[in-house]
Amino acid sequence: MAHPGMRTAALALLVAASIAPLPALAGKTLDGVRQRGEVVCGVNTSAPGFSAADSQGRWQGLDVDVCRGVAAAVLKDATKVRFVPLNSQQRFAALQAGEIDVLSRNTTWTMTRDASLGIVFTGIDYYDGQGFMVPKKLKIDSAKKLGGATVCVQAGTTSEKNVADFFQANGLKYKTVVFDTAEAITSAFFSGRCQAYTTDMSDLAGARTKVANPNDYLILPEVISKEPLGPSVRRGDDEWFQIVRWTLYGMLEAEEAGVTQANVDKVKAESKDPIVQRLLGVTEDMGGLLGLDKEWLYRIVKQVGNYGESFERNLGPKTPLGLPRGANNLWNKGGLMYAPPVR
Amino acid sequence: MKPARFSWSTRSGRALAFQAGFLLVLTVAGWALWRNTAHNLAVRQIRSGFAFLDQRAGFDIGEGPMPYTPDASYLRAFAAGLGNTLRVSLLGILLATPLGALVGLGRLSRNVLVRSLSTGWVEVLRNVPLVIQLFAWYLVFTQLLPDPTGPLVLAPHVYLSKGGLQLPMPVWTGGPALERPEITAFGVSGGISLTPEFLALLVGLATTTSASIAEIVRSGVLAVAKGQTEAALALGLPHRLVIRRVVLPQALRVIVPPLTSQFLNLTKNSSLAVAIGFPDVVSIANTAINQNGQALECILLIMSVYLSINLATAALMAWYNRRVALVER
Numbered sequence: 001m002a003h004p005g006m007r008t009a010a011l012a013l014l015v016a017a018s019i020a021p022l023p024a025l026a027g028k029t030l031d032g033v034r035q036r037g038e039v040v041c042g043v044n045t046s047a048p049g050f051s052a053a054d055s056q057g058r059w060q061g062l063d064v065d066v067c068r069g070v071a072a073a074v075l076k077d078a079t080k081v082r083f084v085p086l087n088s089q090q091r092f093a094a095l096q097a098g099e100i101d102v103l104s105r106n107t108t109w110t111m112t113r114d115a116s117l118g119i120v121f122t123g124i125d126y127y128d129g130q131g132f133m134v135p136k137k138l139k140i141d142s143a144k145k146l147g148g149a150t151v152c153v154q155a156g157t158t159s160e161k162n163v164a165d166f167f168q169a170n171g172l173k174y175k176t177v178v179f180d181t182a183e184a185i186t187s188a189f190f191s192g193r194c195q196a197y198t199t200d201m202s203d204l205a206g207a208r209t210k211v212a213n214p215n216d217y218l219i220l221p222e223v224i225s226k227e228p229l230g231p232s233v234r235r236g237d238d239e240w241f242q243i244v245r246w247t248l249y250g251m252l253e254a255e256e257a258g259v260t261q262a263n264v265d266k267v268k269a270e271s272k273d274p275i276v277q278r279l280l281g282v283t284e285d286m287g288g289l290l291g292l293d294k295e296w297l298y299r300i301v302k303q304v305g306n307y308g309e310s311f312e313r314n315l316g317p318k319t320p321l322g323l324p325r326g327a328n329n330l331w332n333k334g335g336l337m338y339a340p341p342v343r
Numbered sequence: 001m002k003p004a005r006f007s008w009s010t011r012s013g014r015a016l017a018f019q020a021g022f023l024l025v026l027t028v029a030g031w032a033l034w035r036n037t038a039h040n041l042a043v044r045q046i047r048s049g050f051a052f053l054d055q056r057a058g059f060d061i062g063e064g065p066m067p068y069t070p071d072a073s074y075l076r077a078f079a080a081g082l083g084n085t086l087r088v089s090l091l092g093i094l095l096a097t098p099l100g101a102l103v104g105l106g107r108l109s110r111n112v113l114v115r116s117l118s119t120g121w122v123e124v125l126r127n128v129p130l131v132i133q134l135f136a137w138y139l140v141f142t143q144l145l146p147d148p149t150g151p152l153v154l155a156p157h158v159y160l161s162k163g164g165l166q167l168p169m170p171v172w173t174g175g176p177a178l179e180r181p182e183i184t185a186f187g188v189s190g191g192i193s194l195t196p197e198f199l200a201l202l203v204g205l206a207t208t209t210s211a212s213i214a215e216i217v218r219s220g221v222l223a224v225a226k227g228q229t230e231a232a233l234a235l236g237l238p239h240r241l242v243i244r245r246v247v248l249p250q251a252l253r254v255i256v257p258p259l260t261s262q263f264l265n266l267t268k269n270s271s272l273a274v275a276i277g278f279p280d281v282v283s284i285a286n287t288a289i290n291q292n293g294q295a296l297e298c299i300l301l302i303m304s305v306y307l308s309i310n311l312a313t314a315a316l317m318a319w320y321n322r323r324v325a326l327v328e329r
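Top to bottom, those sequences are chains A and B.
Residue 213 in the numbering used here sits at position 213 of the first sequence, with consecutive numbering throughout.
Residue 64 in the numbering used here sits at position 64 of the second sequence, with consecutive numbering throughout.
Next comes chain A alone, as it looks inside the complex (with noise of 0.2 Å):
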């Protein structure tokens, strides 16, 4: 195992010590992409619905799809993406240094990130907020009642913040115990090293699929905190930036027109639905204005599947993790997707 404090080192000094003109990068992350014929996309080493290997090694998750997405418009084949999993604290040195073209790392976005990392967050793919997991046998329903205990969180993470304000604000002392990896963290809490697990809502549904016995296990009710996490590009190459985000704007647009995987051919033959022919490109040249070509949301849906579609695979009621639609609905559904309009 590498360790992981010299990875961040080596990064950040990679970052330092690049000597090349660095103008010459802006700008060319499509052109990089194109030659390289993949897109290399930093992802999480195991968050299962956002990011993880599947038992045939296969990276699957709502964050893998972006990636997925971005490959299926830029290269016109969504396997052409090269997967990094990172660590928390390696995400974003790994985009500094141009390691990666997109972080999709279920990474919350927050000001300090978006304006003083030289990175840049293309968009909101999924809403989630920090909550607490306990043993059942604590007999605890409620956050506020978490006065003593010990917390086991991720280093590196808004959680690390959001928690202290939490026990500060409610005059409740707690100790904390810090690891570096995901897996580290599950392992000592459901060791019994720790009496509650605090992140993002959504890792903690994650983290439960992964024990033997998830009856044991309560979510409790308090969210603390507000993540919105999203994918984020290198700052300084617009034309990036706007194929990545329009990549999540597609994707939640296919699903408000209705458009999915298993009816996108069928549609795009016969549809006269003015909105689906300019998604699909049967009409309008939408892609041309990303430098892309016509048909770049046609092939995201076909190969990878719209918003919604991605959603249930991933994280929805069907799989082990069943969390509900909730915020992450569409915007004319109850939730707080609302994509701006392809047109």
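Calculated directly from the structure, the hints in this document are not laboratory data.
Check each hint, because a few of them may be wrong.
[As the list claims (entries may be wrong)] Selected chain B positions facing chain A (Cβ under 8 Å, derived; list incomplete): (1) I46; (2) T142; (3) N269.
As the structure is a prediction and not an experimental result, all values here were calculated from the model.
Think of the CB as a built atom: it goes at the ideal place given N, C-alpha and C, for glycine as much as any other residue.
Put chain B on the given structure of chain A with help from the hints.
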């Protein structure tokens, strides 16, 4: 004395020129690296500088020798991490040295059992990567021990559980008293508390380093010529005095310099703490890097922290080495 005129034809003149030239190259290279870094950070719109050290850290640290709250500054957070690094390194050195000396002498024992146990100790610990050993110790502490709500009672008011080791703490409340740990709803609280992260790291560092120290002690003892022992015994010195007055002083000369490297290694190896969740200075820096994204500054801080600790250790050991070194008369 008249200042010597510079000349290429003298050896000292050439040496001076080469040294000046080397210094110039080093300065220019350092300056270029600095400028280039600053330029790159600016172009990529990445914030830089050490101003963040005064800002509120906002995250908590699980344990430490000094008081710390999330309201403290990043500088205080780094200091708390440094305190933890020093605590585990110092205790590790204090445990590893006598343990290593014992095992090293054990390898020279005439008793077969002692000799093979000592050899086994050295070979196992020296050949398994430290981070694996740390995971193993951590598993022992967090998987095999009972839950903190029903701890093992080692002695009255001494508890061992997944929550760690709790001991009574001497306090002064109008007179000497003991603050005793109590069993509460979430486990044991009060008294001195050593977390499983701290214990696993301490035990892992101390045992691994003891294996290397054992070999150094063994080589030191073997380096003393056999004639020295024989001569001392022939003079009628008892065996105990032969070891103390003849063998040990001569062995220490060989032992001390490589022992210093082991102490430095132990200190540097404590940075593996992050793997098992102990908040040492590297772990704190990792958190800081993520909160504010200033990886370069934080890594510079880590490097200077370890450099300072190790230079201080090395200076101390150099002083001790001069005391035990052969004084020629």
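If any of the earlier hints don't hold here, list their numbers in rising order.
3
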